[in-house]
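J.: Sequence:
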Amino acid sequence: MNPQANLIFITSLLLGTTITMSSNHWVMAWTGLEINTLAILPLISKSHHPRAIEAATKYFLTQAAASALVLFSSMTNAWHTGQWDITQLTHPTSSLILTSAIAMKLGLVPFHFWFPEVLQGSPLTTGLLLSTIMKLPPITLLYMTSPSLNPALLTTLAILSTALGGWMGLNQTQIRKILAFSSISHLGWMAIIIIYNPKLTLLNFYLYALMTATVFLTLNTIKVLKLSTLMTAWTKIPSLNAMLLLTLLSLAGLPPLTGFLPKWLIIQELTKQDMAPAATLISLLSLLSLFFYLRLAYCTTITLPPHTTNHMKQWRTNKSTSMAIAILTTMSVMLLPISPMILTII
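The sequence shown begins at 23 in the working numbering and counts up by one.
Everything labelled a hint here was simulated from the structure, so no lab data went into it. Quantities reported herein were computed from a predicted structural model and do not represent experimental measurements.
Derived SDA-like pairs (lysine to any residue); straight-line CA-CA distance at most 20 Å: (1) LYS221 <-> ILE364; (2) LYS221 <-> SER170; (3) LYS68 <-> MET23; (4) LYS258 <-> THR243; (5) LYS68 <-> PRO145; (6) LYS80 <-> PHE133; (7) LYS68 <-> LEU146; (8) LYS199 <-> MET253; (9) LYS80 <-> SER122; (10) LYS248 <-> GLU139; (11) LYS258 <-> ASN242; (12) LYS245 <-> SER69.
Label pairs and their calculated CB-CB ranges: (13) VAL49 <-> LEU83: 19 to 29 Å; (14) ALA346 <-> SER34: 17 to 27 Å; (15) SER69 <-> THR112: 44 to 54 Å; (16) ASP107 <-> LEU60: 18 to 28 Å; (17) ASN172 <-> PHE135: 20 to 30 Å; (18) SER34 <-> SER361: 32 to 42 Å; (19) LEU306 <-> LEU358: 17 to 27 Å.
We put the beta carbon where it would ideally sit given N, CA and C, even for glycine.
Could you build all of it, start to finish, from the sequences and the hints given here?
T.: This is the structure we're talking about:
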């Protein structure tokens, strides 16, 4: 793609995100979401492959439907209360419609079907944008409307997302699809706590974005899209593969890595809110996604000789990894000891 065009689309993406995050009026928030959607579409379809065009079409249709629902819920609320302010979403019907719209935008179960397909049809760098920055505006809207959301509905969506995100990722061989189901599972953890402690949702999102960025950028460096090619990619940059193993385990939420921090805090908060059964259930369901993270980790580093593979070994290059990957990897693995400082910041 032309660098100037690329710059325009990335700038529009950041502009749309900023407009939605900084707005108080529903129409401005909706405008930001629309700018976001229109800016990411060329980035999804830039390879001109039929799968990429299909992914862009699916993305456009679902996001357009979700944006229409956001507008509908805000208009219903304005009709009943006379308020266009985002924080004044007091009408119960509007609140339910908005929750459905945001779930559709984020890819929460049962509105999740588009997300793995779109991620599979996109390049890795666009997949990174879809998994991180495109999730920020809808989560911001949930954050601002959290006092008036329906707890039972969100808890149900969260537990279903964690269950299906883990269960449907088990038999996948395409890494982008595995990361899509991983994203759905993590969104379940964010959705369950948004009403009780919205700041924890944001912390979870930031740490998830950090770890996902590390995984996507690493895969982009070693040019891997399938599990079978991941098995022989260790010959390219062995040290990077070793760090990818730790990042995947961190994404799974294993202590003493960074990914354990949000899960630990969310379980603690749910227990304080007398939701111990929900905390137990969501913890058990996260074991499903742990399985496919371990599978990825196994394919990354543990399938070394004398194990035989049917694939040609790849040349080891002297290509050095970027400073961004080095910093992100370190943060993805080593932030747990400074968790008291992180908690004082949020």
